[in-house]
Each structure stands twice: as structure tokens, then as C-alpha cells.
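Residues 1 to 141 (full-length UniProt numbering) are what the sequence shown spells out, left to right.
Keep in mind the hints are simulated off the structure, nothing from the lab.
Given the structure is predicted, the values throughout are model-derived calculations rather than measurements.
Treat the hints with caution; some may be incorrect.
Within a straight-line C-alpha distance of at most 16 Å, the following computed EDC-like cross-link-like pairs (lysine to aspartate or glutamate) qualify [claimed, not checked]:
{"hint": "1", "residue 1": "Lys37", "residue 2": "Asp68"}
{"hint": "2", "residue 1": "Lys121", "residue 2": "Glu85"}
{"hint": "3", "residue 1": "Lys134", "residue 2": "Glu10"}
{"hint": "4", "residue 1": "Lys141", "residue 2": "Asp17"}
{"hint": "5", "residue 1": "Lys37", "residue 2": "Asp17"}
{"hint": "6", "residue 1": "Lys134", "residue 2": "Glu100"}
{"hint": "7", "residue 1": "Lys66", "residue 2": "Asp41"}
{"hint": "8", "residue 1": "Lys121", "residue 2": "Asp41"}
{"hint": "9", "residue 1": "Lys70", "residue 2": "Glu85"}
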Amino acid sequence: MKTYVPKNDEQNWIVVDAANVPLGRLATLIASRIRGKHRPDFTPNMIQGDFVVVLNAAQVALTGNKLDGKVYTRYTGYQGGLKTETARQALAKHPERVIEHAVFGMLPKGRQGRAMHSRLKVYAGSAHPHAAQKPQVLEVK
């Protein structure tokens, strides 16, 4: 019996403009592209998705009261070391991490998700160093 093995040699590069796009809609699109769910030969246990370059991360839209209501927390490991930061503060300091945090929450947990982690490149402005890969522009509706 012969088993079907999908080809893993196709690694496309995609550019997405995040300006005025809601964060959740953008993150779901990016996570499914990185995972490879848009491909007809999608296999859950193989990494066969695209590399995604996100531009204008500082201009991503958050709807409703999320700029002040959404809180990112992290723990330093020391007593009393719980650090909190609103989405407004996070976008002002490091807008790349806001998109990365949303996308990584949608990727699989474990070894495979950590390997997919490196396929996302986020930049606050409109310039990126990946022109040599000839990325295709993907429109977000």
C-alpha cells in the first residue's frame, strides 16, 4: 500500500499590510497561512505553511474598548513581580509584540508551534528586509 506524502518544497512568502485591519481578523488570517491550512494538501503533522511578513504593525486597529480594556500580563518570577500593560501602552512601546502575541496564541502548542513561530516577521513600519524572497502581497478584506 502506497501512502500519500505531501510535497514540502513550496515555501511562499506573503506580505500583509496591517494598517486599519482589526487585530483578531488579521491574526486568524496569518495563523492559518503559517499553519498551511489554505493548501489543498494540508497535513496537521507537517509544517508546510507560508512565511508571513506583516507591515505597519503600529497602525493595527483594535475595536471597542480594547485599547484600554485589553491587558497583557507577564510574571518576572519574583514575589510581587506581576507586570501588566494595556494594549495602548504595548502598541506605543513595541507594536510588533501585539500581533505576535495574538498569532502565537492561535498556533499549535508544543514543538511544532514553536517551529512555526519563526515563520512570522512583523515590522512596525512599511519597510522590510525580505525583498530578495520576492513576497506576494495578500489583501485583507
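So, going through the hints one by one against the coordinates:
1. Proximity of Lys37 to Asp68 is assessed by CA-CA distance (about 33 Å); at most 16 Å being required, the pair is judged violated.
2. Pair hint Lys121 plus Glu85 does not hold up; C-alpha atoms about 23 Å apart against a cutoff of 16 Å.
3. Between Lys134 and Glu10, the direct Cα distance comes to roughly 14 Å. Compliance with the 16 Å bound is thereby established for this hinted pair.
4. Distance hint between Lys141 and Asp17 is fulfilled; the C-alpha atoms sit about 11 Å from each other, no more than 16 Å.
5. A threshold of 16 Å between alpha carbons decides the hint, and for Lys37 with Asp17 the separation of about 20 Å lies outside it, so the pair is violated.
6. About 22 Å separates the Cα atoms of Lys134 and Glu100, which puts this hinted pair outside 16 Å; it is violated.
7. Pair hint Lys66 plus Asp41 does not hold up; C-alpha atoms about 37 Å apart against a cutoff of 16 Å.
8. For the hint linking Lys121 to Asp41, the alpha-carbon distance of about 24 Å lies beyond 16 Å, and the restraint is violated.
9. A hinted pair counts as satisfied when its Cα atoms are at most 16 Å apart, and Lys70 with Glu85 qualifies at roughly 9 Å.
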